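Could you put together the complete structure from these sequences and hints?
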Amino acid sequence: MKKIDLKKIDYKAPKGMTKEEALVEIEEMKEEIIELQRRFYAGGKNSILIVLQGMDASGKDGTVKKVFSGVNPLGIRVSAFGKPSDEEMAHDFLWRLHKEAPRKGMIRVFNRSYYEDILVPTVEGYLDEKTIEKRYKHINNFEEMLADEGTIILKFYLHMSKEKQKERLLERITLERKFWKYDASDAKARKNWDKYIATYEKIFDETHTKHAPWNIVPTDNKWYKVYCVTKKVLETLQEHAPEWPKLKDSPELKCNKDGTCSMKKGALK
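Just so we're aligned, residue 0 is where the sequence shown starts under numbering that gives the first Met the number 0, counting upward by one.
Since the hints were made in silico from the structure, they are not lab data. Just so you know, not all the hints are guaranteed correct.
What the hints assert, rightly or not - Label pairs and their in silico Cβ distance ranges:
#	residue 1	residue 2	range
1	L267	L73	45 to 55 Å
2	A266	D91	46 to 56 Å
3	T17	K190	33 to 43 Å
Stated by the list, open to error - The calculated lysine-lysine pairs, modelled on PhoX-like cross-linking and capped at a C-alpha distance of 20 Å, are:
#	residue 1	residue 2
4	K177	K64
5	K177	K7
6	K129	K163
7	K190	K161
8	K6	K256
9	K190	K180
10	K177	K44
11	K163	K177
12	K165	K177
13	K230	K11
14	K161	K194
15	K163	K136
16	K245	K256
17	K6	K161
18	K136	K2
19	K194	K165
20	K129	K190
Please read these numbers as outputs of a predicted model, since none were measured by experiment. Beta carbons: idealized from backbone N, C-alpha and C, even for Gly.
Structure follows, in structure tokens:
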């Protein structure tokens, strides 16, 4: 991966692509995701870990809602990670996330992730550089281990402009339905915008790997953000969702070589 300069990447949808066309395609893709996710869950061969990172108000919650509405809830879990609790602080920094890793057949979405354990201490300066560098290595090893065990890792950075963030943060104090999202710490973090962006660029440089690549998603147009993430999830399921599991022979069943089965006489009374 070439060194990323986020300032050179557009925040908006490409010219020539309309919201109306994208929304139609999104709905078509979601219908296919719903079917493939059921097969993925039933097959139980692999798992998918989706990592969502981005500045405050970049739309992580909305992405989950829009992309995965309609999927079988048995096969998906969403985990949000804020400031570690005292118990979590008493363990290694990956402990609270590792135990949330998806089992076979499951899609697990991390709304923020272990990357916060590099991002925040780097910006706020409460861990030394040597410890931070070790964390990069631990994360790469962790993701490689998950991949070796059958987890497909999709990492998305929701790329939002500073101007758009201001607009969305103001909505949290003007729109009643968004009051609950207001957090005084958002304004403090915004003051360190450049430090956060520089740290994200370092994260991409250190942790973009073949088994866990980063996807930079323009986010100022919410519909385009949803389009990009939906498309990537669909492509992943198309590649990895198995066919429906076949029936296995049992004392009650008589199965043929072609995979068809019939109930033995008297098995159901």
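Cross-check of the supplied hints:
Restraint check, L267 to L73: a C-beta distance of roughly 27 Å breaks the suggested window 45 to 55 Å. Between A266 and D91 the beta carbons are some 52 Å apart, a value that agrees with the proposed interval 46 to 56 Å. The given range of 33 to 43 Å is respected by T17 and K190, whose C-beta atoms sit roughly 36 Å from each other. Between K177 and K64 the alpha-carbon distance is near 15 Å, which keeps this suggested pair within the 20 Å criterion.
Between K177 and K7 the alpha-carbon distance is near 31 Å, which puts this suggested pair outside the 20 Å criterion. Of the pairs offered as hints, the one joining K129 and K163 is violated, with about 35 Å between alpha carbons and a cut-off of 20 Å exceeded. Annotation: proposed proximity of K190 to K161 holds, straight-line Cα distance about 11 Å (limit 20 Å). Taken as a hint, the K6 and K256 pair is broken in the structure, with Cα atoms around 59 Å apart against an allowance of 20 Å.
Between K190 and K180, the direct Cα distance comes to roughly 19 Å. Compliance with the 20 Å bound is thereby established for this hinted pair. This hinted pair does not check out: K177 and K44 have alpha carbons roughly 39 Å apart, beyond 20 Å. Using a Cα cut-off of 20 Å, the hinted pair K163 and K177 holds, with the two alpha carbons roughly 16 Å apart. Restraint check for K165 and K177: satisfied, since their Cα atoms lie roughly 14 Å apart, inside the 20 Å limit.
Pair hint K230 plus K11 holds up; C-alpha atoms about 17 Å apart against a cutoff of 20 Å. Using a Cα cut-off of 20 Å, the hinted pair K161 and K194 holds, with the two alpha carbons roughly 13 Å apart. Taking the CA atoms of K163 and K136, the gap is near 33 Å; set against the 20 Å cutoff, the hint is violated. Restraint check: the Cα-Cα separation between K245 and K256 comes to about 12 Å, which is no more than 20 Å; the hinted pair holds.
Taking the CA atoms of K6 and K161, the gap is near 11 Å; set against the 20 Å cutoff, the hint holds. For a cut-off of 20 Å, the pair hint linking K136 to K2 stands: about 18 Å separates their Cα positions. Under the criterion of a C-alpha separation no larger than 20 Å, the hint pairing K194 with K165 is consistent with the structure, at around 17 Å. The hinted pair formed by K129 and K190 fails the criterion: a straight-line CA distance of about 25 Å is larger than 20 Å.
Figure legend: structure checked against the earlier numbered hints; hints not met, in rising order: 1, 5, 6, 8, 10, 15 and 20.
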